[in-house]
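Number of protein chains: 2
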Amino acid sequence: MSLNNDAVSAQLSAFFQAHLPITQFMNMDVEKYDGQTLTLSAPLAPNINDKQTAFGGSLYNAAVMACWGMAYLKTREAGIECNQVVTKGSIEYKAPVHGDIRAICHAPSKEVIEQFIEHFKHKGRSRITLNATIECSGKTAVEFEGTYAILSE
Amino acid sequence: MSLNNDAVSAQLSAFFQAHLPITQFMNMDVEKYDGQTLTLSAPLAPNINDKQTAFGGSLYNAAVMACWGMAYLKTREAGIECNQVVTKGSIEYKAPVHGDIRAICHAPSKEVIEQFIEHFKHKGRSRITLNATIECSGKTAVEFEGTYAILSE
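Here the protein sequences come in this chain order: A and B. Under this note's numbering, the first residue of the first sequence is numbered 1, with each subsequent residue one higher. Under this note's numbering, the first residue of the second sequence is numbered 1, with each subsequent residue one higher.
Mixed in with the good hints there might be a few duds.
Copies of one chain are not kept apart here, so a pair can be met inside one copy or by any two copies together.
[To be verified] As a list, the in silico DSBU-like pairs of lysine-lysine whose alpha-carbon atoms are at most 35 Å apart: (1) K51 to K110; (2) K123 to K139; (3) K32 to K88; (4) K139 to K121.
Keep in mind that the hints were calculated from the coordinates and are not lab data.
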């Protein structure tokens, strides 16, 4: 699986570079993908705010794209090429992030992913809700939940 | 009031430039503030996605800062200097935004603002929930709600 994980995460990284200029300004990239967990990272400097911590908008961007990336990777692993959009996002800022941003999305259960993929195969559209967190100094600083829709191209 | 509106909105614009590099990459600025409505705008180009519409993260950033800006302006109008942070945000993407981003926050009622300010004066901290929308082709494309806390410096 590890070669496949590397290949699909390289696709995701290339997607950011090709299509989302703001992620390039943020210097956001795929740090790790092991099939179960996707970590996106971005250094503090371009994402800083007036308090010398990470800007809330950058934290949202990292979290929304960690979950977006998970949906992207799971569809590509299933051999699906589709359009994918975020339809809803909610974020809670529990503590400031004092250093680099690291947004982590854990894959949902195999059953949830199978249902997401099977629904798409039958209906040409599907929807999934995913969660991401951002930690700082070992505690959860940000909690994010987003809903994503996929549609036939 | 118009000179005052211009003066405080110039302060907000200067704040973005001084403290939030990502807003400069987005080319986000204060388009209008009349005391009741704050409009932030950002051109499509730096905020584009793979579908040639506005990236969901940029839409969030514009909306979260329109409401942040409203809280900033209302505290400055009341003569308060304080720290201000976003504590929660939720966004619904109802339709794509095909052109420049224009995020609009309407001031809440005078009573809500007075309560926000008075609570701060007595307790040294306060909290307010604000809403913003982004329109495209005359219909609401994005609905945002954010909660903001102010604290003594």
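Comparing the hints with the structure gives:
no. : hint         : in the structure
1   : K51 to K110  : between (41 Å within a copy, 29 Å between copies)
2   : K123 to K139 : between (40 Å within a copy, 28 Å between copies)
3   : K32 to K88   : both (25 Å within a copy, 27 Å between copies)
4   : K139 to K121 : between (39 Å within a copy, 32 Å between copies)
In this structure, every one of the numbered hints holds.
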